[in-house]
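S.K.: The primary structure of each chain is shown beneath.
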Amino acid sequence: MNIHIQGWLLALPAVVLLATFTHIPAIKTVIDSFFSTPHGTRPARFIGLTQYHSLVADPIFWRAFTNNLLYALITVPLAIAFALAMALWVNGKISGRAGLRLAFFTPTILPMVAAANIWLFFYTQDYGLLNQIGRAFGFASVNWLGDPTTALPSLMAVTIWKEAGFFMIFYLAALQQVPPDLYEAARMENAGRWQVFRRITWPMVMPTTLFVGINALINAFRVVDQVIAMTGGGPDNATTLLLFYIYQVAFTFWDLGYAAALSTVLLTGLAAVALAQFFLLDRKVHYR
Amino acid sequence: MKQNRILSPSTIAAWAFALLWALPLLYALWAAFHPAAYATRFEVTAPLTLDNFKHAFVAAPFPRYFLNTVMLVTGIMLSQFVICTLAAFGLARWKFHGADVLFALILIQLMVTPDVLILENYRTLQHLDLIDTLTGVGIPYVASAFGIFLLRQAFKTIPKELDDAARMEGASTLQTIWRVYLPLAKPIYVAYGLVSVSYHWNNFLWPLIVTNSVETRPLTVGLQTFASVDQGIDWSVICAAALMTSAPLMIAFLVFQRAFIQSFVRAGIR
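Those protein sequence lines, which keep their order, are chains A and B.
Heads up: the first sequence begins at 1 in the working numbering, then just goes up one per residue.
Heads up: the second sequence begins at 1 in the working numbering, then just goes up one per residue.
Just so you know, the hints here were simulated from the structure itself, not pulled from any lab data.
Be aware that a few hints might be false.
Covered stretches of chain A (in silico footprint by chain B; criterion: 3 or more residues with CB under 8 Å from a CB of chain B, positions within the stretch not fixed) [to be verified]:
#	region
1	25 to 31
2	106 to 118
3	169 to 181
4	220 to 234
5	250 to 256
6	261 to 275
Some but not every residue of chain A turned toward chain B, in silico, with C-beta under 10 Å [claimed, not checked]:
#	residue
7	GLY92
8	LEU102
9	TYR127
Because the structure is a prediction, the values reported are computed rather than measured.
We treat Cβ as the ideally placed atom computed from N, Cα and C, and that holds for glycine.
Sequences and hints are given; from them, build the entire structure.
M.R.: Right under this line is the structure:
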């Protein structure tokens, strides 16, 4: 059999499944966003950009959007900074390395829903662990998840806690690739620790930072588990993020047309990140 | 210098930080293994107990959830292996018409992941009559761009002479894949398998949407259903349930730490 037919035959199952669950639904999402939501016997009809007009006028969408932007801008750099610090510690000749690595990496293995339920107890008003510790130091009790100013940062903490250890392993792999003679040379020159970090370590792990940063950015726009498990978007939409809002509009309000418009916005955002990754980053900088 | 190493400020900082990081889990362990009365009282003499786990097991059908999750993750992993291997082999070895375009189209799924398409995929499942089935939970993930990419890279490093040799002995394409490529790419399959299993063990949104009965609900959804029924369930029991749902993965991780970490790195660096 000729290789052209055979090649397509081998790829056929994957092609059919990918088309059914990725390409066609992505296109249909965009098309559906130009139609009204069907109600009972009234079918969907073409309404042009109306869904997008309501989207622009929807304060909850803007809330979800800014929340999500904040979520990305705060959790991504913090998780990366922690991850790098962890990797530097674990990579060094520190006593009890295995214990450190275990403490840092274990949260990564935990399902987000399980982590969220454990942290939920931390944040409980009155008898939650965090408030008990706070009280011991004389602080007033805080309703962490019930107060619009602290609810979103509380969720961010869980994300950082779970992700930093995961990113750490990529930094560990990168640190092991740094040629030891660079450090040797720095030692000869009596370079200080900060200088060594700034002039050698940081530039050498730059490809990893970009790789991890982009993945973390994409993940930040798909955060939803902890919102469902911990706050349900509340209080007063203080923790509503984009994917959660889509989920709510689609499966609680069943406003399919509007959910399609929201999904299109998210898809466009993710596609933009993907293109940026493709064109801005020299893919060859990644190892090998 | 040597003595400095043990108690340098950096070491102390590292340990303080690690302790802080471990605190949530240590705390969950404390709550799960002690009676509810000690959930927030830390006394060395507090009696140990397994009652919280027993309560959780009686209050919700966790054994069934375990079974569902195990069936789900093994089903997904095995189907991914088959489907991604076939596609990856074709793409790695033959310059067939449209192979490059096809590969680019496949890579789109790395960005447009199934969780962004929940609405349309839900409607597709309705048409296929797969709502509330394990097949429905797994099927959008089976043809994984990530898997195809990873295996294609691995297959490309295998010398072509080996499959020419197999062909000389009269092996068909499928036999060549089975006898030559599978054994040589074994580390990649282990890495991909671990990543796939831990991803789907922890996956939540899609199974939450698709399932609505005990017979199909995986652990994550079961745990959330259990924890959100606000009927005076105490925190100790919830901590026990949360730990229980993650226990198999956690134990596997503790035993195969090195393999886990290497797999994640291997799968992540591309």
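S.K.: The structure should be examined with respect to each hint, and the outcome stated for every one.
M.R.: Now the hints, each set against the structure:
1. Residues of the region 25 to 31 of chain A with a Cβ under 8 Å from some Cβ of chain B number 4, which satisfies the need for three, so the listed coverage holds.
2. Counting residues of the region 106 to 118 of chain A whose CB lies closer than 8 Å to any CB of chain B gives 11, so the stated coverage by that chain holds, three being the minimum.
3. Given as covered by chain B, the region 169 to 181 of chain A passes the check, having 4 residues with a CB less than 8 Å from a CB of that chain where 3 are the minimum.
4. Counting residues of the region 220 to 234 of chain A whose C-beta lies closer than 8 Å to any C-beta of chain B gives 5; at least three are required, and the coverage claim holds.
5. Under a criterion of three residues with beta carbons nearer than 8 Å to beta carbons of chain B, the stated coverage of the region 250 to 256 of chain A is upheld, 3 such residues being counted.
6. Counting residues of the region 261 to 275 of chain A whose beta carbon lies closer than 8 Å to any beta carbon of chain B gives 7, which reaches the threshold of three, so the coverage claim holds.
7. Taking 10 Å as the C-beta cut-off, the interface hint given for A/GLY92 holds, the closest approach to chain B being about 8 Å.
8. The closest approach between the C-beta of A/LEU102 and any C-beta of chain B is roughly 7 Å, which is under the 10 Å cut-off, so the hint is satisfied.
9. The beta carbon of A/TYR127 comes within 5 Å of a beta carbon in chain B, closer than 10 Å, and the hint placing it at the interface holds.
Hint violations for this structure: none, all hints satisfied.
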